[in-house]
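Respectively, the protein sequence lines represent chains A and B. Note that our numbering has the first sequence beginning at 7, numbered continuously upward. Note that our numbering has the second sequence beginning at 664, numbered continuously upward.
The reader is advised that the hints may include incorrect statements.
Far from chain A, some chain B residues (derived; all Cβ distances over 10 angstroms) [what the hints assert, rightly or not]:
(1) Leu670
(2) Arg691
(3) Leu922
(4) Ala1030
(5) Ala1046
(6) Val1093
(7) Thr1140
(8) Ser1175
(9) Thr1183
As a list, the in silico BS3-like pairs of lysine-lysine whose alpha-carbon atoms are at most 30 angstroms apart [unchecked claim]:
(10) B/Lys1064 with B/Lys983
(11) B/Lys983 with A/Lys76
(12) B/Lys1064 with A/Lys83
(13) A/Lys83 with B/Lys983
(14) A/Lys76 with B/Lys985
(15) B/Lys985 with A/Lys83
(16) B/Lys1064 with A/Lys76
(17) B/Lys1167 with B/Lys1064
Partial chain A-side listing against chain B, Cβ under 10 angstroms, derived [unchecked claim]:
(18) Ser22
(19) Val39
(20) Pro49
(21) Val72
Just so you know, these hints were derived from the structure itself, not from any lab. Nothing here was measured: the structure is a model prediction, and the numbers come from that model. The C-beta atom is built at its ideal place from N, Cα and C for all residues, glycine as well.
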Amino acid sequence: MRDRPSGDEHWLVRSSTIRRLWAGAGVVLALVVALDLVIDHHPYFGIDGTPGFGAWFGFGACVVLVLVAKALGALLKRPEAYYDD
Amino acid sequence: MTTSLLLPPGLALIAGGALLPLLGPRLRSVALLLAPLVALWLVWQVPDGTGLGVSFLGLELAPVRGDRLSRLFGTVFAGMSFAGGLFALGQARTSELAAALVYAGAAIGVCFAGDLITLFVCWELMAVASTLVIWAGGPEARAAGLRYAIVHLLGGVLLMAGIAGEVAATGSALFGRMDLSSVPRGLMLTGVLVNAGAVPTSAWLPDAYPRASWSGMVFLSAFTTKTAVYVLLRGFPGTELLVWVGLAMVFYGIVYAILENDMRRILAYSIVNQVGFMVTGIGIGTDLALNGAAAHAFTHIIYKALLLMSAGSVLFMTGKHKCTDLGGLFRTMPVTTICGIIGALSISSFPLTSGFVSKSMISEAAAESHLAIVWFLLAAASAGVFLHAGIKFPWFVFFQKDSGLRPADPPWNMQLAMALCALLCVGLGVLPAPLYAMLPSDPAYEPYTAAHVVFQLQLLLFSGLAFFLMLGWLQRTLTITLDADWLWRRFAWSVAHVATISVKPVSSALGSWRRRARVTGRVYLRRYHGPTGTLGRTWPTGAMALGTILLLGGYLLIFFTMG
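Turn these sequences into a full structure, and let the hints guide you.
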């Protein structure tokens, strides 16, 4: 292990890089949704063939899962030493 | 093929494990790497069908029986023990390595067991050997290892009871496809599900595995749950109950992993999550679903080992395992970071990685069987996997904040083991044909259609967006989350405690009475039976004669007065 001087920031954590990463991510996300308009779909249930279904479904699923986890956590979280005493 | 060549493939590993403690350091490393390769060769020497017939207690046993499913699991188990051995070359505790080899050998033994007795013997050998692997983690692993052993021995009892009932009812111990038509089969299924980490007994997995050493958990992640998947695949395909058990495991794993702070416990919860996908596939039961479950077990073993090697490297180099203590390690651990990310992408089924070509078969099978609810839940779960393991693990360990830690990448053998697994993850993702050729039935399945790829990319990338938008809610806290094991770690303990308190007045009264009785008893004994006591001391002969005369006189007196 070696220490670096604190002013020497890695390029990946500079705020300018992070801004660029967000912008790039936005372009990629838009592209992936746009691709849905040009490809062939073979939906099994109807809604799974609509443009952008994967995008909103994936996003929504994650929000719901995090909310469920938060609620469950409020009920079931304990300090780390819970079983030790 | 002559039968004389037909050795049980697991035997090479078990013998290697037994020899390991007797060898010097250099030979030990050679044996650690050689035994899995011999086992791998033996796996491919087993022909289709029952190769070895033995009679035992009037039952026909088949200790070695081969087919494509056995070889698929045997191959990945042997390969995994090689990669794990390479990673663990620097592990100073020989007991862990020896136990790990025996553990792997027993797992391969289960895969080639043609009868239930052989299967059970290997099953229990796995339980014992894996407990030893956990205990090699040091003093902190002792209690968790004991809890692990108790749960698995209990599962073994259920399995044995089921086997005994099955043999009594059918007169045969041969292991084949079963339905749930009898109680013994239900017992067997329950015993197997305990090992699979099925809800609600899954707590043993995140409790025990993360206490193993930096190398121990790599071995542990591969064998126990996947052997259970193998037994379910052969014994209980198409059992509808398994669809729902599997889905419960999938969501349990995600939710608990989101709340977790320990990096290896996050990965432990995601084992339950991934095995849930396989169990769901087995429950769907079509050829495509079973192929998908088998393929997913194969790819999962590799990418999960890769993830745990990457976590193990971090633990080995920093001694830390909590997300709150880690972060920013990408600066000085580039190889570990890249390998960890490849593992994380594979577990998330990112296109061009191994997880994509296996997991998508299970979803496709659900769609083909018109199981709408199952398909939508699996899709939601796929998004959740990216959230809880695909991004969360690499983000909190390697990026997040600068923890100030500047560890180097681990020694060459650990890097090589990670590179090997990473290569397989990408290789199988780009070229799935060799894997598909090993599956139980020939699949007519094409993973790389435009619709599949675009759907999966949307699902994953927008999950990633959700992760970074909700990052504030996902920050880790110094907490654990209660699980079903609370029942025996806290509730049962409290009941015992309350019972002790309520009987205390009675027992203390009893205790003081006993103490008093002991003291007075001792005084009494000394007074009458001690050296100078009336009954203990030596009396003159005359006293004896006088006593006899008195006794006889009394007797005469009573005789005449009564007569």
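Right, here's what the structure says about each hint:
{"no.": "1", "hint": "Leu670", "result": "holds, 45 angstroms"}
{"no.": "2", "hint": "Arg691", "result": "holds, 30 angstroms"}
{"no.": "3", "hint": "Leu922", "result": "violated, 5 angstroms"}
{"no.": "4", "hint": "Ala1030", "result": "violated, 4 angstroms"}
{"no.": "5", "hint": "Ala1046", "result": "violated, 4 angstroms"}
{"no.": "6", "hint": "Val1093", "result": "holds, 20 angstroms"}
{"no.": "7", "hint": "Thr1140", "result": "violated, 7 angstroms"}
{"no.": "8", "hint": "Ser1175", "result": "holds, 31 angstroms"}
{"no.": "9", "hint": "Thr1183", "result": "holds, 42 angstroms"}
{"no.": "10", "hint": "B/Lys1064 with B/Lys983", "result": "holds, 15 angstroms"}
{"no.": "11", "hint": "B/Lys983 with A/Lys76", "result": "holds, 26 angstroms"}
{"no.": "12", "hint": "B/Lys1064 with A/Lys83", "result": "holds, 24 angstroms"}
{"no.": "13", "hint": "A/Lys83 with B/Lys983", "result": "holds, 22 angstroms"}
{"no.": "14", "hint": "A/Lys76 with B/Lys985", "result": "holds, 19 angstroms"}
{"no.": "15", "hint": "B/Lys985 with A/Lys83", "result": "holds, 16 angstroms"}
{"no.": "16", "hint": "B/Lys1064 with A/Lys76", "result": "holds, 22 angstroms"}
{"no.": "17", "hint": "B/Lys1167 with B/Lys1064", "result": "violated, 54 angstroms"}
{"no.": "18", "hint": "Ser22", "result": "violated, 17 angstroms"}
{"no.": "19", "hint": "Val39", "result": "holds, 7 angstroms"}
{"no.": "20", "hint": "Pro49", "result": "holds, 9 angstroms"}
{"no.": "21", "hint": "Val72", "result": "holds, 5 angstroms"}
Hints 3, 4, 5, 7, 17, 18 from the list above are not met by this structure, while the remaining hints are.
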